[in-house]
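According to the working numbering, the sequence shown is numbered sequentially starting from 306.
Derived from the structure by calculation, the hints contain no laboratory data. By construction, the Cβ of each residue, glycine as well, lies at the ideal position given by its N, Cα and C atoms. A hint or two may mislead.
[Said to hold, decoys possible] Pair ranges (Cβ atoms, derived):
(1) Glu349 x Glu370: 27 to 33 Å
(2) Leu393 x Gln337: 35 to 41 Å
(3) Phe380 x Gln348: 41 to 47 Å
(4) Leu425 x Glu370: 53 to 59 Å
(5) Ala364 x Val340: 32 to 38 Å
(6) Gly384 x Glu419: 49 to 55 Å
[As the list claims (entries may be wrong)] Simulated pairs of lysine-lysine, DSBU-like, Cα-Cα distance not exceeding 30 Å:
(7) Lys381 x Lys356
(8) Lys362 x Lys343
(9) Lys333 x Lys362
(10) Lys381 x Lys345
(11) Lys345 x Lys362
(12) Lys397 x Lys413
(13) Lys356 x Lys343
(14) Lys333 x Lys431
(15) Lys345 x Lys333
(16) Lys391 x Lys343
(17) Lys372 x Lys362
(18) Lys391 x Lys371
(19) Lys371 x Lys356
(20) Lys362 x Lys381
(21) Lys397 x Lys343
(22) Lys372 x Lys356
(23) Lys391 x Lys333
(24) Lys345 x Lys356
(25) Lys333 x Lys430
(26) Lys413 x Lys431
(27) Lys371 x Lys397
(28) Lys413 x Lys333
(29) Lys356 x Lys391
(30) Lys430 x Lys343
(31) Lys413 x Lys430
(32) Lys391 x Lys362
(33) Lys333 x Lys343
(34) Lys381 x Lys371
(35) Lys391 x Lys413
(36) Lys381 x Lys391
(37) Lys356 x Lys413
(38) Lys343 x Lys431
(39) Lys391 x Lys372
(40) Lys397 x Lys356
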Amino acid sequence: MLTYKRGQRLGIFTDHICDDVLPFVNNKNYSQELVAEKAKVQQEAISATQKILSIEKRAPEIESEKKLAAASRNFKEAGRLANEAKALLSSKAEVASDLGRITTHLQKLDEEIETHMLVLADLDKKLLEI
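Hey, can you work out the whole structure from these sequences and the hints?
Put into structure tokens, the structure is as follows:
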């Protein structure tokens, strides 16, 4: 181990730095994981929103087709379209529920990222004091 002229070990200083730097590095990695997870969750939210918009666009079309089938006395087709409309509305409710869950998770991630950034700033300040 290297020594100073006065007999102080340099190893003690480097151990102190390692003890201070390691949490910073670990926290920085965790920060990157949080940001990556946030991006993934945001993509899920976009996908769910697109599904809802698609269902909202398709539902009136199915209703029109159902009315046309009933008017032309094609009750078998009208029944099939009614079932399809019912399935779409059920699917929309499921996706809306998922979107609510996703939005809540996204808010929690935002809060965790904000808290984590404060921890990183504090660790950074400590490192600068060394």
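The hints, checked one at a time:
The hinted window of 27 to 33 Å between Glu349 and Glu370 holds, with their beta carbons roughly 31 Å apart. Evaluation of the 35 to 41 Å hint for Leu393 and Gln337 yields a pass: the beta carbon distance comes to about 39 Å. Between Phe380 and Gln348, the C-beta spacing of about 43 Å keeps the proposed range 41 to 47 Å intact. Range check, Leu425 to Glu370: about 56 Å between beta-carbon atoms, so the 53 to 59 Å window is met.
In this structure the hint that Ala364 and Val340 lie 32 to 38 Å apart at CB holds, the actual value being about 37 Å. A beta carbon spacing of about 53 Å between Gly384 and Glu419 agrees with the range 49 to 55 Å that was offered as a hint. For the hint linking Lys381 to Lys356, the alpha-carbon distance of about 28 Å falls within 30 Å, and the restraint holds. Proximity of Lys362 to Lys343 is assessed by CA-CA distance (about 29 Å); at most 30 Å being required, the pair is judged to hold.
For a cut-off of 30 Å, the pair hint linking Lys333 to Lys362 is broken: about 44 Å separates their Cα positions. Note on Lys381 and Lys345: the hinted pairing is violated, with a Cα-Cα distance of about 43 Å set against a maximum of 30 Å. This hinted pair checks out: Lys345 and Lys362 have alpha carbons roughly 26 Å apart, not beyond 30 Å. About 24 Å separates the Cα atoms of Lys397 and Lys413, which keeps this hinted pair within 30 Å; it holds.
Under the criterion of a C-alpha separation no larger than 30 Å, the hint pairing Lys356 with Lys343 is consistent with the structure, at around 20 Å. With a CA separation close to 15 Å, the supplied pair Lys333 and Lys431 stays within the 30 Å bound. Only pairs whose Cα atoms come within 30 Å are accepted, and Lys345 paired with Lys333 is accepted, the gap being roughly 19 Å. Restraint check for Lys391 and Lys343: the C-alpha separation of about 33 Å exceeds 30 Å, so the hint is violated.
Annotation: proposed proximity of Lys372 to Lys362 holds, straight-line Cα distance about 17 Å (limit 30 Å). Restraint check for Lys391 and Lys371: satisfied, since their Cα atoms lie roughly 12 Å apart, inside the 30 Å limit. For the given pair, Lys371 sits about 22 Å from Lys356 by alpha-carbon distance, which is consistent with the 30 Å threshold. Distance hint between Lys362 and Lys381 is fulfilled; the C-alpha atoms sit about 23 Å from each other, no more than 30 Å.
About 24 Å separates the Cα atoms of Lys397 and Lys343, which keeps this hinted pair within 30 Å; it holds. A hinted pair counts as satisfied when its Cα atoms are at most 30 Å apart, and Lys372 with Lys356 qualifies at roughly 24 Å. Simply put, Lys391 and Lys333 have alpha-carbon atoms about 48 Å apart, too far for the 30 Å limit, and the pair is violated. Pair hint Lys345 plus Lys356 holds up; C-alpha atoms about 17 Å apart against a cutoff of 30 Å.
With a C-alpha separation of about 14 Å, the suggested pair Lys333 and Lys430 falls inside the 30 Å cut-off, and the hint holds. A distance of roughly 27 Å separates the Cα atoms of Lys413 and Lys431; the hinted pair therefore holds under the 30 Å criterion. Simply put, Lys371 and Lys397 have alpha-carbon atoms about 19 Å apart, close enough for the 30 Å limit, and the pair holds. At most 30 Å may separate the alpha-carbon atoms for a hinted pair to count; Lys413 and Lys333 meet this at roughly 19 Å.
With a CA separation close to 16 Å, the supplied pair Lys356 and Lys391 stays within the 30 Å bound. Between the alpha carbons of Lys430 and Lys343 the distance comes to roughly 26 Å, so the proposed pair stays at or under 30 Å and holds. As the CA atoms of Lys413 and Lys430 are separated by approximately 26 Å, the hinted pair is consistent with the 30 Å bound. The suggested pairing of Lys391 with Lys362 holds, with an alpha-carbon distance near 14 Å, which does not exceed 30 Å.
Taking the CA atoms of Lys333 and Lys343, the gap is near 15 Å; set against the 30 Å cutoff, the hint holds. The suggested pairing of Lys381 with Lys371 holds, with an alpha-carbon distance near 10 Å, which does not exceed 30 Å. For the proposed pair Lys391 and Lys413, the alpha carbon gap of about 34 Å is over 30 Å, so the pair is violated. Proposed proximity of Lys381 and Lys391 is supported: the alpha carbons are some 15 Å apart, at most 30 Å.
For a cut-off of 30 Å, the pair hint linking Lys356 to Lys413 stands: about 23 Å separates their Cα positions. With a C-alpha separation of about 28 Å, the suggested pairing of Lys343 with Lys431 holds against the 30 Å cut-off. For the hint linking Lys391 to Lys372, the alpha-carbon distance of about 15 Å falls within 30 Å, and the restraint holds. Annotation: proposed proximity of Lys397 to Lys356 holds, straight-line Cα distance about 8 Å (limit 30 Å).
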